[in-house]
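Asks: Residue-level listing of the chains:
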Amino acid sequence: MKIAFTAKGIDWDAQIDPRFGRTDYIVVYDEEADTLTNTDNREVEGIAHGAGPQTAQKLFDLAPDVLITGNGPGGNAAAALQKAKLKIFTGAGGMTVKEAFEAYKKGSLQDFS
Amino acid sequence: MKEIVVISGKGGTGKTSITASFSILGTKDLVAVDCDVDAADMHILLKPDLGESQDFYSGEVASIDQTKCIACDKCAKVCRFNAIDREGVRYSVNTLNCEGCGYCARVCPVGAITNISQKVGVWYMSNTRGGFSMVHAKLGIGADNSGKLVAHVKNQAKALARRQGKKYVLVDGSPGIGCPVVSSLSGANYVVLVTEPTVSGIHDLKRVYELVKNFKIHAGCIVNKADINPEITEQIIVYLRAEGIDLLARLPYEENFTKAMVAGQTIVEFDNGMLKKNLTDTWQRVCRIVDEQQGES
Amino acid sequence: MSDVVIASGKGGTGKTTLSTNLATLLAEEDPVVLVDLDVEEPNSGLFINGTEIAREIKYKMIPRWESDACTLCGLCQQVCNFHSIIKLGKEIMVFPQLCHSCFACSELCPTNCLPMVPMRMGQTTHFKLGNLVFVESRLDIGQEQAVPLIAQTKECVKKKYSSIGFKIYDAPPGTSCPVIEAAKDADFIILVTEPTPFGLNDLRLAVETMRELSKPIGIVINRHGIGNDEVDAYCAVENIPVLARLPNDRRAAQLYSRGERIYTQLPEFKKELEKVALHIRSLSEGGRQ
Chain B
2 MKIAFTAKGI DWDAQIDPRF GRTDYIVVYD EEADTLTNTD NREVEGIAHG AGPQTAQKLF
62 DLAPDVLITG NGPGGNAAAA LQKAKLKIFT GAGGMTVKEA FEAYKKGSLQ DFS
Chain Y
5 MKEIVVISGK GGTGKTSITA SFSILGTKDL VAVDCDVDAA DMHILLKPDL GESQDFYSGE
65 VASIDQTKCI ACDKCAKVCR FNAIDREGVR YSVNTLNCEG CGYCARVCPV GAITNISQKV
125 GVWYMSNTRG GFSMVHAKLG IGADNSGKLV AHVKNQAKAL ARRQGKKYVL VDGSPGIGCP
185 VVSSLSGANY VVLVTEPTVS GIHDLKRVYE LVKNFKIHAG CIVNKADINP EITEQIIVYL
245 RAEGIDLLAR LPYEENFTKA MVAGQTIVEF DNGMLKKNLT DTWQRVCRIV DEQQGES
Chain U
27 MSDVVIASGK GGTGKTTLST NLATLLAEED PVVLVDLDVE EPNSGLFING TEIAREIKYK
87 MIPRWESDAC TLCGLCQQVC NFHSIIKLGK EIMVFPQLCH SCFACSELCP TNCLPMVPMR
147 MGQTTHFKLG NLVFVESRLD IGQEQAVPLI AQTKECVKKK YSSIGFKIYD APPGTSCPVI
207 EAAKDADFII LVTEPTPFGL NDLRLAVETM RELSKPIGIV INRHGIGNDE VDAYCAVENI
267 PVLARLPNDR RAAQLYSRGE RIYTQLPEFK KELEKVALHI RSLSEGGRQ
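Protein chains in written order, with this note's numbering: chain B, 2 to 114; chain Y, 5 to 301; chain U, 27 to 315.
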């Protein structure tokens, strides 16, 4: 399983970024390999409209099985994410990546998809 | 740190007067943000000192280098926005019509067209007379508010709130139902909807709440001028109940809203009666609701 | 002939109140078209109970991906400045709400896999109430671009109602692109404001915008008496005529809240509104000479 998080930093202690389209980083935990990798998404700050699809495209290329974020993705991003066939969980705003992962394991996040 | 966003859909419901009052009530605990940059009025009440400022660039328009242009007319042929003006062999860009799609630059055979970023406004990080910080922006003529600008000022405010160890970011949200209001809502912990009991007020409330629902953000509603039409006020309350929106307050039609504004004050500084008490109770209730929520933004 | 656009720097100052009352008053004597161009939040219709006479769906052109010949070269994504078309794995995905219909992706595609097709963005409805024709355009929820719908609505009104002399347009609030689109072909602009610090601040921005378009302006002060005299003072300094001062009256607010006409019940309000009507009639006569 590969689990993606929208985050404000790049490690387990980073805060979850509650925004999807304008998240600072996408952090991916690969359970099998036990590795934590990250993708810098800060360039979306320069985009006036359409940040959602841009971020969705990056996520698509990372091909995770699960996405954990704060608020739900907006309409455009949600449409793109549907193509990626991943499970989306929301309500992790304010947690760290580690806390969000634990909450997901416990099943206490909301299923968005 | 929690983010509270005040929106209204329709103009003239008292959103800015209420947000400014909240900011005075919560002085010690917050950073204020004005995302209503099309009609940015909060500064009139809070009198920020225009401390730090920075130009804001967004959107592009085409620009034709006259020394390179060979008047081949290709740009004018592909433009769907009527934005290429011709005077004999002189080609220029009508910047009011140009959408910045960049098609012309791609077909120009001699590379005479470039897209240039436009300065659309200025944003400020200021200190207010209330002692707290405020992030706000001023847009140029014909410039569009955008998700980018709203996201930008909100990011600045959040970073500032974190540095100052404040509990809340209080946002005067954007009007309408487009990209700016989506960006205003994105990342919010709680939304305060301000409405009035008029046929247009309830109509616009429902339209804007459709957006809030998409984000699954918990919301509350203030019905301003509630006594002007008790029947519609009742309809609004029924709607709020059905949607699970907190009814935060019913405020009366009060000329003190305007009188306070004329005096350059917020309502809670100008009024000493019920209005002040109502708003104070409402602010405290909003704080309690967000304090009890898990997580931050 | 006169095309009058009613605008305001901020929402909620009485733009819709003025346009609906003014149009009905003018229509007591002459044929009038009232057009609601505030396509994001069209509210005039709540105040005009006419009979529907026509309805049109409005479209904008967007690219549609045809996969057969596509080589997934990614040029479409590269040329789109609005991020409205992206390559997702082996698919090309179009985001209609973000598309500005510039045709670049479609016409530059080397294998012609992106033909432009119409997509619904909203609708325009026409109503009739005696002498008054009311046209309302409404953007579908989720659509983000008001400008193309405003442009199409103006075009449609010009063609369909060329014989009607008075055309009143209710513009969107603010000073951004949709307002400019609404106002750029007007003969005369009426800016509605309130005599308050917020009203004055937003009026200033609106005046600067309309001056950029080199349009003649008149001001209507709504809820006159509630605030201070600074709007009057500003208009005097800037040499902008104040056409009328609609009185501040709780009864006006109540009538508005119910979606009712105000001038038929408040004589003080009617007296001021007639000044605006007179001004518009004089413009129209001036235009004919």
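Keep in mind the hints are simulated off the structure, nothing from the lab. Treat the hints with caution; some may be incorrect.
[As the list claims (entries may be wrong)] With beta-carbon atoms standing in for the labels, derived distance ranges: (1) Ala267/Y / Glu286/U: 31 to 37 Å; (2) Leu251/Y / Ala80/U: 52 to 58 Å; (3) Glu259/Y / Glu311/U: 49 to 55 Å; (4) Asp41/B / Glu238/Y: 40 to 46 Å; (5) Arg307/U / Arg292/Y: 55 to 61 Å; (6) Gln70/Y / Asp211/U: 38 to 44 Å; (7) Arg307/U / Gly268/Y: 50 to 56 Å; (8) Trp13/B / Gln70/Y: 25 to 31 Å; (9) Glu92/U / Arg166/Y: 46 to 52 Å; (10) Asp41/B / Gln70/Y: 37 to 43 Å; (11) Ala80/U / Pro113/Y: 43 to 49 Å; (12) Lys185/U / Val93/Y: 45 to 51 Å; (13) Asp14/B / Asp211/U: 56 to 62 Å.
[Claimed, not checked] Okay, derived cross-link-like pairs now, SDA-like style, lysine to any residue, Cα gap no bigger than 25 Å in a straight line: (14) Lys81/Y / Asp258/U; (15) Lys107/B / Gly169/Y; (16) Lys84/B / Asp258/U; (17) Lys9/B / Gly169/Y; (18) Lys106/B / Lys81/Y; (19) Lys51/Y / Thr137/U; (20) Lys78/Y / Thr137/U.
These numbers come from a predicted model, not from an experiment. Every residue, glycine too, gets a C-beta built ideally from N, C-alpha and C.
Asks: Look at each hint and say if it fits the structure.
Replies: Going through the hints against the structure:
The given range of 31 to 37 Å is respected by Ala267/Y and Glu286/U, whose C-beta atoms sit roughly 33 Å from each other. Evaluation of the 52 to 58 Å hint for Leu251/Y and Ala80/U yields a failure: the beta carbon distance comes to about 41 Å. Taking 49 to 55 Å as the suggested C-beta distance range, the pair Glu259/Y and Glu311/U does not conform, at roughly 40 Å. The hint said 40 to 46 Å for the Cβ distance between Asp41/B and Glu238/Y, and at roughly 52 Å that hint is violated.
Between Arg307/U and Arg292/Y the C-beta distance comes to about 58 Å, which sits within the given range of 55 to 61 Å. The hinted range of 38 to 44 Å is not satisfied by Gln70/Y and Asp211/U, whose Cβ atoms lie roughly 29 Å apart. Evaluation of the 50 to 56 Å hint for Arg307/U and Gly268/Y yields a failure: the beta carbon distance comes to about 40 Å. Separation of Trp13/B from Gln70/Y is about 57 Å and departs from the stated range, judged on CB atoms against 25 to 31 Å.
Restraint check, Glu92/U to Arg166/Y: a C-beta distance of roughly 49 Å satisfies the suggested window 46 to 52 Å. For Asp41/B paired with Gln70/Y, a C-beta distance near 40 Å keeps the hint of 37 to 43 Å intact. A C-beta distance of roughly 46 Å is found between Ala80/U and Pro113/Y, which places it inside the suggested range of 43 to 49 Å. Checking the proposed 45 to 51 Å range against Lys185/U and Val93/Y shows it is violated: the Cβ atoms sit about 34 Å from each other.
Our hint of 56 to 62 Å for Asp14/B and Asp211/U holds, since their Cβ atoms are close to 58 Å apart. Our distance criterion of 25 Å between C-alpha atoms is broken by Lys81/Y and Asp258/U, whose separation comes to about 48 Å. Taken as a hint, the Lys107/B and Gly169/Y pair is broken in the structure, with Cα atoms around 31 Å apart against an allowance of 25 Å. A threshold of 25 Å between alpha carbons decides the hint, and for Lys84/B with Asp258/U the separation of about 58 Å lies outside it, so the pair is violated.
Taken as a hint, the Lys9/B and Gly169/Y pair is honoured in the structure, with Cα atoms around 18 Å apart against an allowance of 25 Å. Using a Cα cut-off of 25 Å, the hinted pair Lys106/B and Lys81/Y is violated, with the two alpha carbons roughly 58 Å apart. The suggested pairing of Lys51/Y with Thr137/U is violated, with an alpha-carbon distance near 58 Å, which exceeds 25 Å. For the hint linking Lys78/Y to Thr137/U, the alpha-carbon distance of about 21 Å falls within 25 Å, and the restraint holds.
Violated hints, listed in ascending order, are 2, 3, 4, 6, 7, 8, 12, 14, 15, 16, 18 and 19; each of the other numbered hints is respected by the structure.
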